[in-house]
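**Student:** These protein sequences, in sequence, are chains W and X. For reference, each letter of the first sequence is one residue, going 1 to 177 in the working numbering. For reference, each letter of the second sequence is one residue, going 1 to 254 in the working numbering.
Warning: the hint list may mix true and false statements.
Restraint-style ranges between C-beta atoms, simulated for each label pair [as the list claims (entries may be wrong)]:
1) W:Gly144 x X:Arg38: 23 to 29 Å
2) X:Ser36 x W:Ala159: 48 to 54 Å
3) W:Ala159 x X:Leu41: 42 to 48 Å
4) W:Thr113 x X:Ala49: 46 to 52 Å
5) W:Ala15 x X:Leu61: 57 to 63 Å
6) X:Arg29 x W:Asp72: 35 to 41 Å
Note that these hints are calculated values from the structure, not bench results. From the three backbone atoms N, C-alpha and C, an ideal C-beta is built for every residue, glycine too.
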Amino acid sequence: MRKADEQGFREFAAANAASLRRTAYLFCGDWHTAEDLMQSSLMKMYLAWKRIKGLDNLIAYARKVLLRTWLDEKRRPWRRAEQRDGELPDAADERVDPDHTSAKLWARELVHTALLQVPPRQRAVLVLRYFEDLSVAEVAVAMGCSEGTVKSQTARGLATLRTIVEKLDSSSGRVAS
Amino acid sequence: MSEQEIREGMLLAVWDEPPLDFDPDALMRRAEQKKSRRRALVSVGVATALIVVSAFALPGLLPKTGDDDQIAARRTESSAPTSTESPNARSVRIGDALAAKLQTVRRELRDVSAYVQPGMQVVQGTSTTKPPSPGSAPDPSLSGYVYLTDDIGPTALLLTTTSTPKSSRLECIGAVTCKEMPVDDGSKIIEAEYLDGTSTVVRAVSTRVFESGYTVKLSAFTTNPATGSGLRAQLPVSVDVLTTMLTDGRIRWE
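All chains, full assembly: derive it from the sequences and hints.
**Tutor:** The following block contains the structure:
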């Protein structure tokens with residue numbers, strides 16, 4: 001690869017690595033896996049950089065690669081091997097750190113528990129629409145499906161998420177809004 | 001739970017993001033390694049496929065008829081006779097060919113025959129027996145006589161071959177005439193005639209030196225070299241006849 005292309009990729013990767021990792025975290029719910037997904041996606045983009053460097057919206061392409069990388073990873077047998085048993089030992093205690101407000105802890109719970117129970121493609125639609133703030137058309141491009149499918153997946157995902165959150169709230173005593 | 005709450009919840013969910021330790025250069029290096037590994041894997045795969053395809057395809061493509069095999073066997077036999085021919089058979093073949101050639105060139109001669117045997121066992125005027133040591137490499141040298149009878153009486157020509165050539169200058173030492181001629185196959189002929197101190201030629205030698213260094217020498221004397229007797233006034237055959245015998249294309253020397 002030429003020096004100019006390498007510099008272009010370097011700048012793109014440095015500018016977008018963090019946002020891609022955040023999106024990947026909302027997909028998978030784990031920062032380590034999110035970092036792996038982000039690096040795998042950027043590596044795929046580097047190998048195809050000569051072909052894709054002229055695209056108008058590179059970050060949209062990067063999100064598409066990230067989503068497909070995550071869906072591919074989920075299909076792999078060794079990704080299904082981990083079976084969690086019981087409570088996580090490293091749960092945050094809000095009394096120790098004043099910054100750990102109840103809202104933040106609830107948000108983490110939202111991701112760790114509620115969002116991760118939503119089916120993968122519905123979860124992806126919710127993340128792209130409400131976290132990345134993409135339009136229905138942009139989500140359709142990223143998902144490789146029609147806009148109608150995006151709308152129906154969004155509606156189903158929201159319904160599933162609300163059901164799970166209500167269950168969480170009722171079990172924890174929090175009033176669902 | 002409204003869409004706005006979901007949006008805020010997702011933004012809050014990443015508030016405790018761990019610091020990002022990302023090096024684009026390291027990622028690019030890993031990508032290059034991956035690319036070269038993939039290329040090597042593809043090369044190995046293609047090479048393996050070619051070998052497998054060749055292994056299965058070649059036996060079917062090669063001719064397997066019995067006639068072809070026989071022709072190939074015959075070609076091999078004719079092009080490399082010495083590889084399978086025993087030393088004794090070779091000496092007999094060469095001796096017979098020399099005798100036949102001499103009879104062709106000099107039809108007036110009678111009782112033309114040859115006795116050639118492997119190894120340097122013949123010395124002019126006498127005979128020694130020195131069998132080759134067991135286990136040693138096959139000795140390509142031959143020695144023997146081509147017997148003939150002319151109007152004067154019986155006599156012989158001396159044949160010796162060796163794989164250790166002498167310089168053409170050494171061949172010419174003491175010769176009254178000595179000339180060197182090239183042969184079409186790359187070998188050369190050295191013709192030399194020797195006097196006995198008078199004006200009579202008592203010995204004529206024709207030597208053929210091959211490119212490999214293999215040397216064949218055929219000599220005619222005024223005495224019978226096989227017995228050391230039978231002195232005559234002139235040589236039984238001239239040096240030209242010796243050269244004609246040595247350069248006969250039907251005789252495979254090496």
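**Student:** Hint compliance check: list the failing hint numbers for this structure, sorted ascending.
**Tutor:** 6
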